[in-house]
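Colleague: Grab the two chains, each in its own frame, and use the hints to assemble them into the complex.
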Amino acid sequence: MYALGGPTVFEKRGELSLSVVVMLPTSGIGQAQLAKERVRAALEKDGLFDPDRKRRFPAHPRRIAVVTSLDGAALHDMITVTRRRWRSVRLYLVPAQVQGAEAPAALVRALGVVNRLTKVDLCVIGRGGGSREDLGTFDDERVCRAVAALRVPCMSAVGHETDVSLTDLVADGFAPTPSAAMERLLPDLEETVRHAESLASRLAHGLGRRTGLLAARLLRSGDRMQMAMSHRLQDPRARLDQYAGQLEALSPLKVLGRGYSVARLPDGTVVKRTAQLPAGTGFTLRVSDGDVDARSLSP
Amino acid sequence: MPDPTSDSLSADLRRLEEIVRGLEAEDTDLDRALLLFEEGVARLRSARERLTEAEARVQKVLEDAAGQLRVTDFEA
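Residue numbers (my numbering), protein chains in the order written: chain F, 1 to 299; chain Y, 1 to 76.
Just chain Y, same shape as in the assembly (with noise of 0.2 Å):
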């Protein structure tokens, strides 16, 4: 499960220009060349995920009396 905090989408997206680049070297062997595309099936469908979120949240973030964080949704 990639880390939805860090920067996944580029992550996913480097690796599956890798894997497009072994699948398309000649020397890659049938069971590499399967590996690779379940790999990049998966790598593909984890970038399309973050690709299809739904709306940006614009949150607001307030410290409290007692400095404490306050998240709240905020509507512009």
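Just chain F, with the same shape it has in the complex (with noise of 0.2 Å):
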């Protein structure tokens, strides 16, 4: 290493003492490692780790843009997280070289790729497990800008064991490997569903309260439903399905199909009395299969 210091000479007891105010390693390893502090002060000037920064990213993403290498398991673990945990995804991969001298345009070149897809939700990049010098190129300044740049939030994954790459800290949020990244970002289909079918169950019961002679087939209803709920060996997507099915079934307005109709004035209020309809006041007539425009003639 090299040490950079003022030396003092005690002639007497013949020693030579040295204070070192800066050393600087000269190994390969070091000067990386300089190179990622210079990299990180510039970074860090420029705002580009600021919390401020950070956006959140959608509870529950449509499109997501990958960027990493073809080779590798990466990929495929990143593909089956996805296939296990949430279906109703699109992943866009844009691929790019990953270590290598060549790699930091490679990925500046595909995040300017994914900056040009329009409608995707976020971005996620990174790379499986590697040496040090390979995941160096997760601490180019190149790349971190064209992270910093992205229209999109972006996740970024390096699999390291214990160091953060620089791009970590410009992204939105980061994960240690990209398999936990897309556990992160996208959510559990059990979850969801199950949600969605103690919503539903809430919204059988909530009308169920107010209608007098419909109350109680609604709320036998919504009882039915929340024993369904507790069926954890069927596909959630065939409950969510059935739920559907049954509430629509339960809709005051299935009666419109036997010949009724629902007459609203224009904030919605259903039309009960004659005062309700001076001569010349529009409204809207709900039949079985939508909306008529009305009029009132009389009184």
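Heads up, none of these hints are tricks.
One-sided excerpt, in silico: chain Y residues whose CB lies under 7 Å from chain F: (1) E24; (2) L35; (3) L51.
Not the full set, but computed from the structure, chain Y residues with beta-carbon under 10 Å of chain F: (4) L13; (5) D31; (6) F37; (7) L44; (8) R48.
Honestly, the hints are just simulated from the structure, not real lab data. The beta carbon of each residue, even a glycine, is placed where N, CA and C say it ideally should be.
Modeller: What follows is the structure in structure tokens.
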């Protein structure tokens, strides 16, 4: 290593002392660390680590851009997690070399492509584990600045054992591995369906409390739905399907199919008395297959 | 028709929460309850459509020599 300091010679004692001000490592790793510190300082100075810059990830992303290498287990793991966890999503894979001298430029290009993709909700950039030198790509200043310039929130997922990449600090969030990133970004299907089911059941109960004759029927159905909820073995999606179907069948508006209609004023109030419809008043008539605009001729 | 590209599922679930709270409130009258119920069923239907989608799709995006983006299906 190099040491920068001031020497002092003690002639009488025959000693030389060196007061070191700075020590610089000379090995390759030391150089890389120095470079990383320089980049870190530059990015920090530009405010790229600022917590206020961090954007939130959408709770139910629909389209995810994935910037990683086509070789390697990382991509395969990400796809596996996605298929297991949340099917209602499309992955846009933007391939890029993730190690070697060409990698930073390749990643910057790929991130540029992500910015040109319309309707992408978020981006994941990452790779699986590797040597310190290999992972150094994710400390590259150009790559970090390209991550910061993304139009959509970005999750950095570099397979470190312990270290942190600079892309982790610039991105809106980071995960220790690419598959962990997907676990974090994708909602759990089972949990989401359960949530929707409980809302469906409360919907039935909520209306049931208010509609005299319908109340008993609705409440019974609500209870049936709650029972169905405990059927953990059934495909959650099939369960939800069943719910939505039941609720639709429960709607008081179903009676419209038998020839009844509902008249509503423009603000949604249901018409019950002639006084609500002075001549000339506009209203809508809800019949079984839609709304009809209407106007009162009398009284 | 909800925008399929935005986070419509979150919006549907959030709105369903509001609707259910509205229906559960003591002071909501029947007219309003009916409207809320109707909207709730529509929101639930839209959430169900999203949750019952068949399979996650993986597509590869490449930039060709002319700078055009090409999107093709990717088989892992």
